[in-house]
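Single-letter residue listing:
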Amino acid sequence: MPCWSYKPGVININIQEKNKEKDFILKVKNLNVRLDNQNIIENLSFQVKRGDVVTILGPNGAGKTVLLRTLLGLLPHEGEIEWNSNIKIGYVPQRLPFIKDIPLSVNDFFKLKKSSEKETNKILNSVGFRENFIKKKIGDLSSGQFQRILIAWALIRNPEVLLFDEPTTGIDISGEETVYNLLAKLKQERNLTMLLVTHDLSVVYKFSTDVICLNKHLMCYGPPREVLTPESLRELFGEEVKYYKHKHY
Amino acid sequence: MGIQLSLSLPAGIFIGGAAGYLGSLMLSKRMALVAGPLGHLTLPGIALALLYDFNVSLGAFPFVILGIVLIWLFEIRTKLPIEALTAIVFSSGVAITFLFLPVEQAESALVGDISRVTFWETVVSVIVALFLFLVLKKIYLEMVLINISEDLAKSEGISVKKYNLVYLVLIATIVALGVKMVGGLLTAALVAIPASAARNISGKLAHYAFGAMIIGAISSSFGILLAEISELPAGPLIILINAFIFLISIIFKR
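Protein chains in written order, with this note's numbering: chain A, 680 to 928; chain B, 53 to 306.
If you're looking for bench data, these hints aren't it; they were derived computationally from the structure.
Each residue gets a CB set at the ideal place from its N, CA and C atoms; glycine is no exception.
Please note that a few of the clues may not be correct.
Said to hold, decoys possible - Heads up, incomplete: computed chain A residues facing chain B, CB under 10 Å, no partners named:
1) Asp715
2) Ile719
3) Arg748
4) Pro776
5) Lys816
6) Leu820
To be verified - Pair ranges (Cβ atoms, derived):
7) B/Lys131 / A/Asn722: 26 to 34 Å
8) A/Ser795 / B/Lys190: 13 to 21 Å
9) B/Ser58 / A/Gly818: 51 to 59 Å
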C-alpha cells in the first residue's frame with residue numbers, strides 16, 4: 680500500500696526538519712546593504728548551524744566588517760537576517776580607536792558591561808590572564824593583549840555565538856597565533872558558534888567548517904577544502920592570489 | 053566672609069564641580085571641540101539678557117539648544133565634519149552679538165561675573181548643578197561605552213540616540229550655568245581643563261571622573277576667593293587656577 684510505504688519516510692523528514700530547526704543559528708537570504716549610495720553587499724545568502732566556524736574571506740573593502748555589523752543589526756539593510764530566537768551574540772570589533780581617550784582599567788572596561796569583579800576575573804582567566812591583570816590600564820596593554828581583552832569582553836554573559844573581526848594590521852604574528860589557538864580552545868570549552876572575518880588563509884583551512892568568499896557579492900561558499908581552488912582565490916583576490924598560492928598550494 | 057562671597061562661593065563650587073564632571077565625558081576626541089563653540093553660541097543670548105536685564109543663564113540656554121539643533125540639522129543635511137559646522141554656527145553667534153551688544157557690557161558677556169550673583173540665582177544654580185550631577189552619574193557608564201564605540205553600545209542594547217540627547221541637554225545646561233561664572237569665551241575651559249588635568253594623574257575611571265569634579269570645584273572656589281582679595285574679575289582667575297592645576301598634573305603624569 681502506498682500510504683504505508685510512504686509514512687516512515689514522512690516521519691523521517693519531519694524529524695530531520697525538526698533537528699535542522701534546532702541546529703540553525705542564522706539564516707541570511709538575499710541580503711543587500713547600501714551605504715552612502717554605494718552597494719556594499721549584494722544578494723548575499725548563507726546559513727550557519729550550531730557549532731559551525733564560518734570564516735568570511737575577502738580583499739580589503741569587500742564588505743566583511745559591514746557584513747558583521749549588519750548581522751548585529753547595526754546597519755540598515757534589505758533582505759532577511761534570521762537569528763535563532765533568543766540567541767546571545769558576542770561581538771569582537773576590529774579595533775576601538777577611542778578607548779585611549781578615557782583612562783580605564785581593565786576592571787572599568789568590564790564594568791561597562793555590568794560585569795562584577797568576580798565574573799571579570801573568571802573570564803580573564805579563561806583567556807589566559809592572571810588575577811592581577813584586572814588592575815592594568817587599558818592604555819598600557821599590547822595590541823595582542825587588548826585583543827584578548829576584547830574577546831573576554833564579548834564572552835561576558837556566555838553568548839552562544841561569537842562574531843570576530845580581525846584587525847588588518849597592528850597585531851604581531853605570534854600574537855595572531857595565540858588568538859586563533861585561544862579561539863579554538865574557547866570554541867571547544869563553550870560550544871561556541873563563530874563567524875570570523877580574516878585575511879589569513881591558514882586560519883581558514885585549520886579552523887573553519889565553512890568559508891564565505893565575499894567581494895560585494897558571494898564568490899564562493901562551502902567547506903574550505905572544497906570551494907577554495909586556485910581559480911576561486913584568483914577571482915576573489917585578483918593579483919594578491921600569488922602570495923596565497925605560494926603559501927598553500 | 054561677605055554676604056556676596058557666601059553666595060558666589062557655593063554657586064562657583066557646584067557649577068565648577070558639575071562642569072568638571074561633565075567634562076570628563078567630553079574629553080574624547082569626538083566631543084572635545086564641541087564645548088568651546090557652545091560657549092560662544094551663548095553670546096547672543098547673554099547679550100539679550102544684559103540688554104533687557106534678565107539672568108544670563110536663561111538667555112544662554114535657548115541659544116545653546118538652538119545652536120546644537122542647527123549643527124545637528126546641518127550635519128544630517130551636509131555630512132560635513134561636525135567641527136566645521138560648529139565653527140560656522142558659533143562664529144555667526146559671535147558676529148551677531150557684537151553687532152548690538154554695547155561695548156561697556158561686553159566684559160561680563162565674555163568673561164562672566166559671578167561676583168554679582170543674587171541669592172535666588174545661587175539657589176537655582178546649586179540645585180540645577182546637583183540635579184545635573186545625579187543624572188550624569190546615572191548615565192555615566194553608558195556614555196563612556198558610547199564614546200568608546202557606538203557599535204558596542206548598540207549591541208549592548210543601549211539606545212544611543214536617547215543617551216546622546218540627554219547628554220546634549222546636560223551640556224547645554226552646564227554651558228548656561230558656566231557663562232554666568234566665566235562668560236561665553238571661557239566656558240569651554242571650565243569643562244575641558246579639569247578633565248585634562250585629572251586624566252594626567254588617573255589610572256582608572258573613578259579617579260578620573262571624580263578627580264575632574266574636585267579639580268573643577270577647587271579651581272572655582274580659589275578663583276572666587278582670589279577675586280575677592282585682588283578685586284580682579286573672577287572668571288579669568290578661575291580659568292587660570294584650572295590651568296595652573298593642569299600644569300602641576302603634568303609633573304605627576306602617570
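So, going through the hints one by one against the coordinates:
Because the closest C-beta pair between A/Asp715 and chain B is about 8 Å apart, less than 10 Å, the hint holds. With 10 Å as the threshold, the beta carbon of A/Ile719 stays out of range of chain B, its nearest partner Cβ sitting at about 16 Å, so the hint is violated. Annotation: A/Arg748 was flagged as interfacial toward chain B, and the flag holds, the nearest CB pair being 6 Å apart, inside 10 Å. Evaluation of the A/Pro776 hint against chain B yields a held restraint, the C-beta minimum of about 8 Å falling below 10 Å.
Because the beta carbon of A/Lys816 sits about 5 Å from the nearest beta carbon in chain B, less than 10 Å, this interface hint is met. At a threshold of 10 Å, the smallest CB-CB gap from A/Leu820 to chain B is about 13 Å, leaving the interface hint violated. About 27 Å separates the C-beta atoms of B/Lys131 and A/Asn722, a value consistent with the hinted range of 26 to 34 Å. Between A/Ser795 and B/Lys190 the Cβ separation comes to about 19 Å, which falls inside the hinted range of 13 to 21 Å.
At roughly 43 Å, the beta carbons of B/Ser58 and A/Gly818 sit outside the given window of 51 to 59 Å.
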